[in-house]
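Participant: Next come the chains, spelled out residue by residue.
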Amino acid sequence: MTIIYQYRVATTSLGGFLKLLVAWRGSVYKLLFKETLIFCLLYAALSLTYRLALSATQRTQMERLVIHCNSYTNFIPISFVLGFYVTVVVGRWWQQFQNVPWPDRTLFVLCTYLNGQEERSRMMRRGVARYMLFGLLLIMRSVSLAVMKRFPTIDTIVEAGFITKEEAETYEQTQCRYLKFWVPLMWANNVIARARREGFIETEFGLRMVLEQLADYRDKCSLCFVYDWITIPLVYTQVVTLAVYSFFAACVLGRQFLDPAKGYPDYQYDSYVPVFTLLQFTFYMGWLKVAEQMINPFGEDDDDYDINWLLDRHTAVAFALVDQCCGVHPPLVRDHFWD
Amino acid sequence: MTIIYQYRVATTSLGGFLKLLVAWRGSVYKLLFKETLIFCLLYAALSLTYRLALSATQRTQMERLVIHCNSYTNFIPISFVLGFYVTVVVGRWWQQFQNVPWPDRTLFVLCTYLNGQEERSRMMRRGVARYMLFGLLLIMRSVSLAVMKRFPTIDTIVEAGFITKEEAETYEQTQCRYLKFWVPLMWANNVIARARREGFIETEFGLRMVLEQLADYRDKCSLCFVYDWITIPLVYTQVVTLAVYSFFAACVLGRQFLDPAKGYPDYQYDSYVPVFTLLQFTFYMGWLKVAEQMINPFGEDDDDYDINWLLDRHTAVAFALVDQCCGVHPPLVRDHFWD
Amino acid sequence: MTIIYQYRVATTSLGGFLKLLVAWRGSVYKLLFKETLIFCLLYAALSLTYRLALSATQRTQMERLVIHCNSYTNFIPISFVLGFYVTVVVGRWWQQFQNVPWPDRTLFVLCTYLNGQEERSRMMRRGVARYMLFGLLLIMRSVSLAVMKRFPTIDTIVEAGFITKEEAETYEQTQCRYLKFWVPLMWANNVIARARREGFIETEFGLRMVLEQLADYRDKCSLCFVYDWITIPLVYTQVVTLAVYSFFAACVLGRQFLDPAKGYPDYQYDSYVPVFTLLQFTFYMGWLKVAEQMINPFGEDDDDYDINWLLDRHTAVAFALVDQCCGVHPPLVRDHFWD
Amino acid sequence: MTIIYQYRVATTSLGGFLKLLVAWRGSVYKLLFKETLIFCLLYAALSLTYRLALSATQRTQMERLVIHCNSYTNFIPISFVLGFYVTVVVGRWWQQFQNVPWPDRTLFVLCTYLNGQEERSRMMRRGVARYMLFGLLLIMRSVSLAVMKRFPTIDTIVEAGFITKEEAETYEQTQCRYLKFWVPLMWANNVIARARREGFIETEFGLRMVLEQLADYRDKCSLCFVYDWITIPLVYTQVVTLAVYSFFAACVLGRQFLDPAKGYPDYQYDSYVPVFTLLQFTFYMGWLKVAEQMINPFGEDDDDYDINWLLDRHTAVAFALVDQCCGVHPPLVRDHFWD
Amino acid sequence: MTIIYQYRVATTSLGGFLKLLVAWRGSVYKLLFKETLIFCLLYAALSLTYRLALSATQRTQMERLVIHCNSYTNFIPISFVLGFYVTVVVGRWWQQFQNVPWPDRTLFVLCTYLNGQEERSRMMRRGVARYMLFGLLLIMRSVSLAVMKRFPTIDTIVEAGFITKEEAETYEQTQCRYLKFWVPLMWANNVIARARREGFIETEFGLRMVLEQLADYRDKCSLCFVYDWITIPLVYTQVVTLAVYSFFAACVLGRQFLDPAKGYPDYQYDSYVPVFTLLQFTFYMGWLKVAEQMINPFGEDDDDYDINWLLDRHTAVAFALVDQCCGVHPPLVRDHFWD
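Protein chains in written order, with our numbering: chain F, 65 to 403; chain R, 65 to 403; chain G, 65 to 403; chain E, 65 to 403; chain U, 65 to 403.
A hint or two may mislead.
Identical copies go unnamed one by one, so any copy, or any two together, can satisfy a pair.
[To be verified] Below, simulated DSSO-like cross-link-like pairs (lysine-lysine); rule was C-alpha separation at most 30 angstroms, straight line:
#, residue 1, residue 2
1, Lys-213, Lys-83
2, Lys-213, Lys-98
3, Lys-98, Lys-83
4, Lys-284, Lys-229
5, Lys-94, Lys-83
6, Lys-94, Lys-213
7, Lys-284, Lys-244
8, Lys-284, Lys-213
Note that these hints are calculated values from the structure, not bench results.
Using the sequences and the accompanying hints, generate a full structural model.
Facilitator: Okay, here's the thing in structure tokens:
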């Protein structure tokens, strides 16, 4: 479920975004606490070794190693890399959501041109609605783990009432070894064409307009598939990951506090707990987690798109549109401002 | 209310943007003065403690801590992070405004094709206009606090004259547990379809064109909802906030002036007031406030979109279009340049 | 008037962009020389004070202050801030120009479908052209100072021949307290609808196509208004301005040359004139001026869009299209390559 | 074949992207191991020379050279350059994929309007489908090495069954010395126009809609050609390449470990293996490889678009659409939710 | 002529982009060798002066100046400025190419609806094609030096066969003091309208569709003009140029090698040839050249769009489309996969 927090910051105020830091669901803490724990344990282990276990010579050797590691942590400008990489990921993430198909527009137009109240009209409208939802489901199962879990087989889709047993069979008889999300959309097309032939849709204009909307819907389904097929190249993600993790590997050693008595410059102060390194860890690792969360927006993170919610919404609205609201409007009256 | 300042800088001149620094409404000072005050108080408290309260040993310890903190303030490259983050926020903010629906285009086309002056024609045109405004209102109530405050219940919308009591009831009887902004738009659709059936719209061309415009309007309403549903992931906002606030937490300590007599390098000068740190505070915190203000453009900040103003504008223009201007044009005459 | 310089650098050559540095109109020198002068005067005043007026103790104090200021000039990473800010401004600037409406397309289509040569046809075509230009004028007066200066009142528009006195009256009688640029466009709509009713436009196809183009034109007018209403938030502009000006305030002091004899590191050389600081000034201040010039592209800077020129062009082309060229083409002949 | 890894990171988890580091296909290791090996050999050669072969004087000279090189490695800010360059490359890469034409939409519409089941209808539909695929093939051969290898001559296309021998001859007789991908698309156009004339497509609406979709398909083919014709200017790619390679040329020398006994600052520690330099190498070189892989997405890298797979998919789906699914839908029944 | 190099890097391989460094046409070396030579000469002159001509005192003074200059070279962050500026230039460059009009789509549709083989039909089709090419030529002459050189007068266009002498006269008689590229497009419009009136185009659908495509073509011509009229503001280009050139002016002095014997820190090594400074020069100057080359893509650089080639291609394809291919398709047969 997407986390909606913009109302808490609708108006800038004292502290402002600070309020957001106390959230837990979808927060940076929830995403990071395991990594942080591991980092702390490693750091503490090394710190205790240095302070308690080593001989004087070993300590000197370790001190040199620490200074060496530390001076090299600024070799890798992870802030840039993360900045550029996350910008690409964010752009893709948002485009991906914009391309999730909404059946509303098609059904609006369908209701206007195929507006009979008798059974056959209703069956056609409901059929088109169901086929559109079924097509969407097929795509969503292929891109979203959450949807796949909910509808692992065609049978579960039949049970949920989206299609009948016969329709499921017709679907499965279509021979094509590629993803067949377009099959039910073709049915919808054919039902609409039949509605025109049988006179339920009265004009060519009507037919054309409904078909166009349906084709746009189909294109969006297709784009969902494309976005899923083509990801940001693996090597880009690897390079960024490598940069961040190797940076913190160097930090575990390089940010150890050394004995101030030894008089190394920049090591005059021993605060035992590396507060600033931990902040930096939260910060950079959190930025990487932003990318991790957004690279597959159809997963089950706290902040991923809730496709199952969207499917329920689409189902409810689709049936409300084609049945309950079709052809209905309040009586025409003189309104309040009528002169 | 959006702050319009571009006329003050229409032409580059001496000082140029400098003039803008004296504004108060929507200014960085207004947004920041509380935070700045708190920062100053904390800084002063620490400063006085250091100068007056501490023993010599304690002072030395504090000096070490200050140097430690200071050296760590450049660990966190907040300028990058803010740069990338604000760019994302600005992009979203502008797209969001571009998707606020304007009823003008639909009503222009409606007036051309449904241009009768008798009562039923007028009722239809006014009905469509009112339903469009009502649909917009429903969406805007769900995304904007200011609109919600103005129209907290459906009754207040009835009182304001957008819909009649009967229409409100019809609306509430529609059963769907999701946001029902599309219900009045469906009515508008149905009224237009009826106008065609009853012959008020004379051609299929006319019907189609009006429906298309209405569908575009509906899509924009839908997009408003989507933009509100999907925000920039919480974790990104948290990471940026954490970076900025922890930076200034480190500054409160790390930017203290130390006794020049102690001869620490970079601490040769004691100006009591940390002018540059305060500038930096205004600067970075102000940048974060830019994001804070833009992440929810429908709030009540000085510089947020004034959706209530826009609603009033839309209402006035909508009724002027469908009644006052419908079918009217000055007599055709030979113009000034006629040969 | 926009400055066209791309032909001088059409082909890369020795020096290339260097040639552009000798321009004056719209140049960085013209925009900056006043600011530079002020900066130099302040710098010189401080420099002379330091060299001539101060006692030895005062000089030492000032030296400390200078070093302090200098070390703090790299606190504010203005290059980033300017980079991100200017990118946003440039994006908006270009979109704004792309949305300036051009009447050509509408008039092309109008001429094709309403192509009679008798007086009434011509009056209709010319009427539509004039109303479109008048609508554009109304918008442009509200966004551009230059246009407002040229047409301060409706009367001046009447005088210029865009509309007749009667049309001006009809316009002013329309009651709506918001900007009424859409009124003449509604007239144009109604004239076209009348042309269809009276048979001058022969088909519904024709009517529809002309109306669509006109609606697109209207939308662009509307967008001009929107871009003018919603600017980059004041606080962003303030933050950037503050950063740049406070940077140079620090430089006036911090970049003073100190007596090399005192042996301060980095102050071994006294060149009297701070050449590099001045270059930096030109550079950063010039970058800010880029933003200043582009934030309101309809002003009167050397490099702003010349909207008055565009209005003249539109007027000339509009009348040429609807009268001179309407229905005309050279006789059909066998061409040069005819086999 | 594109590498699909987003499911492995569908949900953020401990380690997250870390899992991706163990992949080999399409990984940074596979792309880089040769370069890394060469770098290591050069480094080792120099290191051994320094440690074993040089005289004391020579060593001192080399030490100076090393320090000189090292101080200059931060002259070239490759992280920026790579960041900006890769952003441009990524943008182009993604646009390029979005413009790969998909025949689905055209064929959907074709099936709706040209839906007879008799032989001539079927031949027309199949003909259009084949001509579209042939046009796509012609474009793809010109941009993708993999497709060219699969279909080196027109004869191989005939053999694969896309066109007949006679069609191949007709194609080759068309005289035009530029790429003729539009010839089969013109045939498709003409077949559709004939279908209208012979009454297989019953309405002008149908004809128009099919033609529009086909024209969009043709435009996308055209864009593929344009993207292939206009690449990122060579000089930009050269500048970036030069920066990265010269950086590592300097590193081979400048990152040598010097004898700690000599007491050079920053050279107190000798770890023999330059771990951090190698990480930096992987990191920057890997970033460059991202660009290298994406600049021609139709090549044969592990992560390039698999155009041959797409051609097979298009062929299978095209024939399934125009034959198997044309006009078919399950019987209309009352659905599960029927009240 | 655009330089096509993507096939040489179609598949990532050892060295990869390295191969591209040996190109000469359109390369960074070709663009830069003159500037590099001048830089080297200046550097050498100063170096020789320092080493041979100066007295001991003068040398010391010069050393101070060198150190002063060098420390100031990092005042100007040219990598950012270039990064942001080049990104803007690249964006504009690509949009500009995308808006070069292609007549293909219009002519495809024209051939479908105006498909007679008798002389008058052919003359109409060829006329429309010629008028479209003539309009494109007029625009291209105004934006591209190369096209202007090829067609300096209307007479040369007549000679090349695009228009007849009579058409040239008609064109020149049209009175309008602004660029008249739209005149031949208006002719094309009128010829098409006449074709409809005379029955060569049989339906209103056909007329409409052809007109729409032609209007899109006209809009793209118009955009070419707009892109040429509005360039990136001069002041932005000046600021960037100033930054780069002043940086290297400082380098000529600041990067001199000083006598190591003097013991200045960072000047311990004298390599006579400033290898790294030259690399930096190639790098930054090359980046600026990228911008220089792309700011006017219609010039005569090695890597500019070859508009003359495109005009030839358009001419050949246009005539092939309207004559050779119009109405032609291979006989309909059962294909290879026919069941």
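Participant: If the cutoff is 30 angstroms on CA atoms, where do Lys-94 and Lys-213 land: within, between, both or neither? Let me know, please.
Facilitator: within (24 angstroms within a copy, 34 angstroms between copies)
Participant: Pop the pair Lys-213 and Lys-83 into one bin, within, between, both or neither, using alpha-carbon distances up to 30 angstroms.
Facilitator: Between copies only: 23 angstroms across chains, 35 angstroms inside a chain, cut-off 30 angstroms.
Participant: Give the relationship of Lys-94 and Lys-83 under a CA distance limit of 30 angstroms: within one copy only, between copies only, both, or neither.
Facilitator: Both, since 16 angstroms and 19 angstroms are each at most 30 angstroms.
Participant: Measure nothing new, just compare the shortest in-copy and cross-copy C-alpha distances for Lys-284 and Lys-229 to 30 angstroms and report within, between, both or neither.
Facilitator: within (27 angstroms within a copy, 37 angstroms between copies)
Participant: Measure nothing new, just compare the shortest in-copy and cross-copy C-alpha distances for Lys-284 and Lys-244 to 30 angstroms and report within, between, both or neither.
Facilitator: Answer is both; intra-copy 15 angstroms and inter-copy 24 angstroms each pass.
Participant: Could you place Lys-213 and Lys-98 in one of the four classes (within, between, both, neither) given a Cα distance threshold of 30 angstroms?
Facilitator: Result: close within a single copy only, 26 angstroms intra versus 43 angstroms inter.
Participant: With identical chains treated as interchangeable, where does the CA-CA distance between Lys-284 and Lys-213 reach 30 angstroms or less: within a copy, between copies, both, or neither?
Facilitator: within (23 angstroms within a copy, 32 angstroms between copies)
Participant: How do Lys-98 and Lys-83 come out at 30 angstroms by Cα distance, when the copy is not named: within, between, both, or neither?
Facilitator: So Lys-98 and Lys-83 pass the 30 angstroms test inside a copy (23 angstroms) and across (15 angstroms) alike.
The structure shown violates none of the earlier numbered hints.
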